[in-house]
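One letter stands for each residue in the lines below.
Protein chains: 2
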Amino acid sequence: MGENTTTIEKMISKLLEEKKFATLRDVMNTMAPADIAIIFDSLPAEKMPVLFRILSKELAAEAFVEMDADLQESLIRVFSDSELKAVVDELYVDDAVDIIEEMPANVVKRILSQTDRDMRKMINEILKYPDDSAGSIMTTEYVSFKPDMTVTEAIKNIRRSGVDKETIYTCYVTEKDKKLIGIVTVRSLLMADDDDEISKIMEENVISVNTLEDKEDVANKLAKYDFLALPVVDRENRLVGIVTVDDAIDVIREEATEDIEKMAAITPTDKPYLKTTVFELWRARIPWLLLLMLSSTFTGIIITHFESALAATSVLAAYIPMLMGTGGNSGSQSSVAIIRGLSLNEIEFSDIFRVQWKEIRVSVLCGLTLAGANFLKLVFLDNVGVAVSLVVSIALAVTVFTAKFVGCSLPILSKKIGFDPAVMASPFITTIVDAISLLIYFSFASMLL
Amino acid sequence: MGENTTTIEKMISKLLEEKKFATLRDVMNTMAPADIAIIFDSLPAEKMPVLFRILSKELAAEAFVEMDADLQESLIRVFSDSELKAVVDELYVDDAVDIIEEMPANVVKRILSQTDRDMRKMINEILKYPDDSAGSIMTTEYVSFKPDMTVTEAIKNIRRSGVDKETIYTCYVTEKDKKLIGIVTVRSLLMADDDDEISKIMEENVISVNTLEDKEDVANKLAKYDFLALPVVDRENRLVGIVTVDDAIDVIREEATEDIEKMAAITPTDKPYLKTTVFELWRARIPWLLLLMLSSTFTGIIITHFESALAATSVLAAYIPMLMGTGGNSGSQSSVAIIRGLSLNEIEFSDIFRVQWKEIRVSVLCGLTLAGANFLKLVFLDNVGVAVSLVVSIALAVTVFTAKFVGCSLPILSKKIGFDPAVMASPFITTIVDAISLLIYFSFASMLL
Chain A
894 MGENTTTIEK MISKLLEEKK FATLRDVMNT MAPADIAIIF DSLPAEKMPV
944 LFRILSKELA AEAFVEMDAD LQESLIRVFS DSELKAVVDE LYVDDAVDII
994 EEMPANVVKR ILSQTDRDMR KMINEILKYP DDSAGSIMTT EYVSFKPDMT
1044 VTEAIKNIRR SGVDKETIYT CYVTEKDKKL IGIVTVRSLL MADDDDEISK
1094 IMEENVISVN TLEDKEDVAN KLAKYDFLAL PVVDRENRLV GIVTVDDAID
1144 VIREEATEDI EKMAAITPTD KPYLKTTVFE LWRARIPWLL LLMLSSTFTG
1194 IIITHFESAL AATSVLAAYI PMLMGTGGNS GSQSSVAIIR GLSLNEIEFS
1244 DIFRVQWKEI RVSVLCGLTL AGANFLKLVF LDNVGVAVSL VVSIALAVTV
1294 FTAKFVGCSL PILSKKIGFD PAVMASPFIT TIVDAISLLI YFSFASMLL
Chain B
894 MGENTTTIEK MISKLLEEKK FATLRDVMNT MAPADIAIIF DSLPAEKMPV
944 LFRILSKELA AEAFVEMDAD LQESLIRVFS DSELKAVVDE LYVDDAVDII
994 EEMPANVVKR ILSQTDRDMR KMINEILKYP DDSAGSIMTT EYVSFKPDMT
1044 VTEAIKNIRR SGVDKETIYT CYVTEKDKKL IGIVTVRSLL MADDDDEISK
1094 IMEENVISVN TLEDKEDVAN KLAKYDFLAL PVVDRENRLV GIVTVDDAID
1144 VIREEATEDI EKMAAITPTD KPYLKTTVFE LWRARIPWLL LLMLSSTFTG
1194 IIITHFESAL AATSVLAAYI PMLMGTGGNS GSQSSVAIIR GLSLNEIEFS
1244 DIFRVQWKEI RVSVLCGLTL AGANFLKLVF LDNVGVAVSL VVSIALAVTV
1294 FTAKFVGCSL PILSKKIGFD PAVMASPFIT TIVDAISLLI YFSFASMLL
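In the order they appear, the protein sequences are chains A and B.
Here the first sequence is numbered in my numbering, starting from 894 and rising by one per residue.
Here the second sequence is numbered in my numbering, starting from 894 and rising by one per residue.
Honestly, I wouldn't trust all of these hints.
Identical copies go unnamed one by one, so any copy, or any two together, can satisfy a pair.
Restricting the straight-line Cα-Cα distance to at most 27 Å, the calculated cross-link-like pairs of lysine-lysine (BS3-like) are [stated by the list, open to error]:
hint: 1; residue 1: LYS1072; residue 2: LYS1021
hint: 2; residue 1: LYS1093; residue 2: LYS1058
hint: 3; residue 1: LYS1002; residue 2: LYS1168
hint: 4; residue 1: LYS1071; residue 2: LYS1039
hint: 5; residue 1: LYS1168; residue 2: LYS1309
hint: 6; residue 1: LYS950; residue 2: LYS1093
hint: 7; residue 1: LYS1309; residue 2: LYS903
hint: 8; residue 1: LYS1069; residue 2: LYS1093
hint: 9; residue 1: LYS1014; residue 2: LYS1002
hint: 10; residue 1: LYS913; residue 2: LYS950
hint: 11; residue 1: LYS1168; residue 2: LYS1308
hint: 12; residue 1: LYS940; residue 2: LYS950
hint: 13; residue 1: LYS1164; residue 2: LYS1309
hint: 14; residue 1: LYS1093; residue 2: LYS1049
Keep in mind that the hints were calculated from the coordinates and are not lab data.
With these hints in hand, go ahead and build the complete structure from the sequences.
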């Protein structure tokens, strides 16, 4: 995790041993919260509380947010009630929710007991939204204005209440019933005249998301419009929270990781690799391996079925790996390109025929190139005769065509019927394509040889 | 591309036909720049200039930035000089550079001829940095303060110059020689007293990046510290520009897409799938398919070499696809997990032994599970006899072990020697593992059967 911190870790360990607490405080004050979290990660458990108590209240809370859940849990377990309260008081509500979601019930109870009433109410508000929804990643600590405020009043408002808000740079204009009617950036406040009314300078074309919208769509929207925050509204267009850009970045990275894991037939986990236990890794991987092993039974059955053809022309067996490998690679090229396009909202269901037509042409080009190269190699290098070379090459071309067609269609269709396209990726498509390509191969062989 | 715009596209097309320009202007003014770009994408080329001229200067420039390069090029070709100048004047310098980098030489010349001297100087400054470096994605339009300014003076400075800056929310404190000595956020300005000196309220522990640092590392750093912008400095710690969070998000998305493409044996392209021509797709895919086809020659050679074993026990051929498939899947599970960890800076070279030891234990668990399930299936369902079942199952366990070990080691080693770990992923590892697993399979078969 991280870079360039090895030497600092040793230095801090040493200072801790020597109990040079004043020096330690000075040293820690020069560091960013994320780096302090990395330091804690490298410390033995018994040294953590000492170092944590050295940090200033604010820095302690900021570093705490950046730590892994297991680190947070072990710290909470050694905190006194007042220490825990000091940390909780400094947390933004969305960070508090993130922490609570990872903790066991007894720790959650302790945290909530040290939380003041308003905060507890906000935490429960966010906790009620389903995982992966906009509501679950929003914060309820935003700056809001009334439309009839002046710029001076608005800036005063920010100065008074801003310290507790996650962002002050985008502020929200609401009516009495909390209906969202506009957005004002601090930039526009600073550029406006002091007496201007908020309703005059606010942006009225508000782009917002619904509480139940998928968090991946929320992150994509924020990226598309280059926003620093997006307002989250309920069905009556009442403002309930905001999603800030730092949380959107986390979503974008997590979703990319999840897609990559699914494409490689791994059940996604939240934890970074080095934090995941061997048993957890096994559990995330073995179901898929078993399923795929089972599914390759079909290819085995096909080979057994054509045993006589294989026995008659035993050279055919030598080209099975090449045929299946090329089919698998061709198919996953197409499926992966489409799955990524779907994730980034570049491709929709209505594009299916455009995609298929494109892949058909690409597969003809690829198929001809590969079959041509293969034919020349078989005739001139392998010397297996024109008939066998022809069978292998034709089967190869048809395999590439099938692989690319199945590979581009399955992800779009599976998204349409509500399945995850990434799960449909390489391994599954490979299995289907393997079976089809072997059938084609042996059929041609039986016909022509 | 995008969502929910189909009906708006039709509406705008119709309004354009009916020449209702006043209505069109009102309609377009309600839309975000990114959505206007999508509208242009759906229009026939001859209608674009008309619609573009309806937009306000600022909105026109903002929408222009969001368009694809080919769309921008065709618009520039129909612009008059003064129209082009109007757009260029509104651009931020990093956006201007992005556009210039995509245009053919004659268009670049026209753009630069309509650019004022200061802007041209800044553009050339950024253009000299290598692709993929921090310098290439930075902007030189930032707000900077002198350390002896007061808060009031600083806010006045923002009000005067802020309109041309990409972000005003993070400001930079520099000494006379442009040496970066601190950072001040607008938040801290608003929270401070009017008479406070900047040097008193600035954050002195500045986290910055060097001009030549990899842009992926820059984006990771920005995400790690939850910043809205990161300062870019030269070797003498002089401030030369900043990278803003919106550009970092683009980098994060692009790099994830590139990694995914490379893992699927595709040469990465910048263009979205639907914008890529059939020929471009073919060119991005065929070299890898040819290379991998060639490499599967080895597996063919191995099979041919053991032809006599195959002929003697022809049932062996039926399990080749299962063996190679499971090996491939096991290996890519490990390689993909490691490659993602490397990309996110969660895994470093020094972790190689931890990773290998973890994968060894996971592979033993997976190998035993799979071999056990397989043995039972072969004995009781396939009825192929205990000897063959044993050979297949032992070969399977050894294959899974080899695949996971090679799969986790290759990416780390290849990153160490300066190769791209993602290129080392599934297909290559599969090829290596295929060959090894077949060798193991037939060796066991020759020994035991």
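*List in ascending order the numbers of the hints, as given earlier, that are violated by the structure.*
none
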